[in-house]
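For the protein sequence lines, the chains are A and B, in the order given.
Quick note: the first sequence uses the numbering used here, first residue 1, plus one each step.
Quick note: the second sequence uses the numbering used here, first residue 1, plus one each step.
Hints were generated in silico from the structure; no laboratory data involved.
List time: in silico DSBU-like cross-link candidates among lysine-lysine, alpha-carbon distance up to 35 Å: (1) B:Lys79 x B:Lys2; (2) B:Lys42 x A:Lys55; (3) A:Lys41 x B:Lys45.
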Amino acid sequence: GAVVSQHPSRVICKSGTSVKIECRSLDFQATTMFWYRQFPKQSLMLMATSNEGSKATYEQGVEKDKFLINHASLTLSTLTVTSAHPEDSSFYICSARDGGTEQFFGPGTRLTVL
Amino acid sequence: RKEVEQDPGPFNVPEGATVAFNCTYSNSASQSFFWYRQDCRKEPKLLMSVYSSGNEDGRFTAQLNRASQYISLLIRDSKLSDSATYLCVVNIYSNSGYALNFGKGTSLLVTP
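Chain A on its own, in the form it takes in the complex (with noise of 0.2 Å):
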């Protein structure tokens, strides 16, 4: 149980186009999911709590409006990346949370900005 999937695993895009990437709890409802992303040799860094029917809680220093989350329902937060640029380059690793304390994390989707 407590299966997080990420779709898709992996995007190469060109600058200045938006990428949306979907996070799904497959076998829970999930009352919160966050999203975060990893830079090579780095740690993760928070981008955004989301809990389902309100707006995101987005982390210092994360843009909102470059950076869209949406949590229509309790098993799918989307993350845009809009108008996405090389530095934009990164691992994006969601997570989802029933309830309890311990966070499920999907397998992640590489993002490749030309």
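Starting from the known structure of chain A, fit chain B onto it as the hints suggest.
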């Protein structure tokens, strides 16, 4: 000062060796503590929670010292499959609710 600090390593050890990783955290209001394992280009996976009384799971032993804000992980009888990055993680309650703070990780390479 970073919230969670770890020695990045790498730790290169032979099979069968015992290796210890340390971690310090800065926020005394931290609620819970974990060690995660992350393989290259993969998501982190929970290895074990860490309790003040210390806890053991097979070859892995974790310790927490709240007074010193220090966490440790001991791996006995290292296997080749233990090669990975070990992340020290602290759960902190903030304005946005509970959030995990990750260390940069300590890299372990177990060699034949």
